Amino acid sequence: MSITGEFNREIQKITRKMITSDLVHIIASDAHSRDGRPPVLSRAVEEAAKIIGIGRAEKMVRDIPQAVIEGREVVAVHGSKLEIGN
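Position in the sequence shown (first residue = 1) + 12 = the working numbering.
Hints in this document: simulated from the structure, not taken from any laboratory. Note that the structure is predicted; figures quoted are calculated from it, not measured. Among the clues, some could well be false.
To be verified - Here are the computed lysine to any residue pairs in the SDA-like style, where the Cα-Cα straight-line distance is at most 25 Å:
{"no.": "1", "residue 1": "71", "residue 2": "41"}
{"no.": "2", "residue 1": "62", "residue 2": "83"}
{"no.": "3", "residue 1": "29", "residue 2": "89"}
{"no.": "4", "residue 1": "71", "residue 2": "90"}
{"no.": "5", "residue 1": "25", "residue 2": "42"}
{"no.": "6", "residue 1": "29", "residue 2": "92"}
{"no.": "7", "residue 1": "62", "residue 2": "20"}
{"no.": "8", "residue 1": "62", "residue 2": "82"}
{"no.": "9", "residue 1": "29", "residue 2": "76"}
{"no.": "10", "residue 1": "71", "residue 2": "28"}
{"no.": "11", "residue 1": "25", "residue 2": "83"}
Model the full assembly from the supplied sequences, consistent with the hints where possible.
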């Protein structure tokens with residue numbers, strides 16, 4: 013997962029900046045299989061909670077995705093400009 017650093021540290025760093033800049037609205041997995049890459053999001057929620065708090069992180073993994081599935085309106089916080097680099 014990008015936020016946990018499983019892919020690499022640079023992707024993790026960029027992901028953290030995106031969360032800090034309100035450019036991430038949903039935490040999800042691209043689970044490939046139950047065994048190979050299972051859809052376990054608890055570590056991602058823990059990492060996001062360090063940045064934005066547990067309440068908001070849990071909404072990003074539970075409430076907001078559920079609203080999207082149900083076709084309900086989701087009001088997103090408008091993100092700020094993201095500077096990638098040094």
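Status of each hint after checking the structure:
no., hint, in the structure
1, 71 x 41, "holds, 15 Å"
2, 62 x 83, "violated, 29 Å"
3, 29 x 89, "holds, 15 Å"
4, 71 x 90, "holds, 16 Å"
5, 25 x 42, "holds, 19 Å"
6, 29 x 92, "holds, 10 Å"
7, 62 x 20, "holds, 19 Å"
8, 62 x 82, "violated, 29 Å"
9, 29 x 76, "holds, 20 Å"
10, 71 x 28, "holds, 17 Å"
11, 25 x 83, "violated, 32 Å"
The earlier numbered hints that this structure contradicts are 2, 8, 11.
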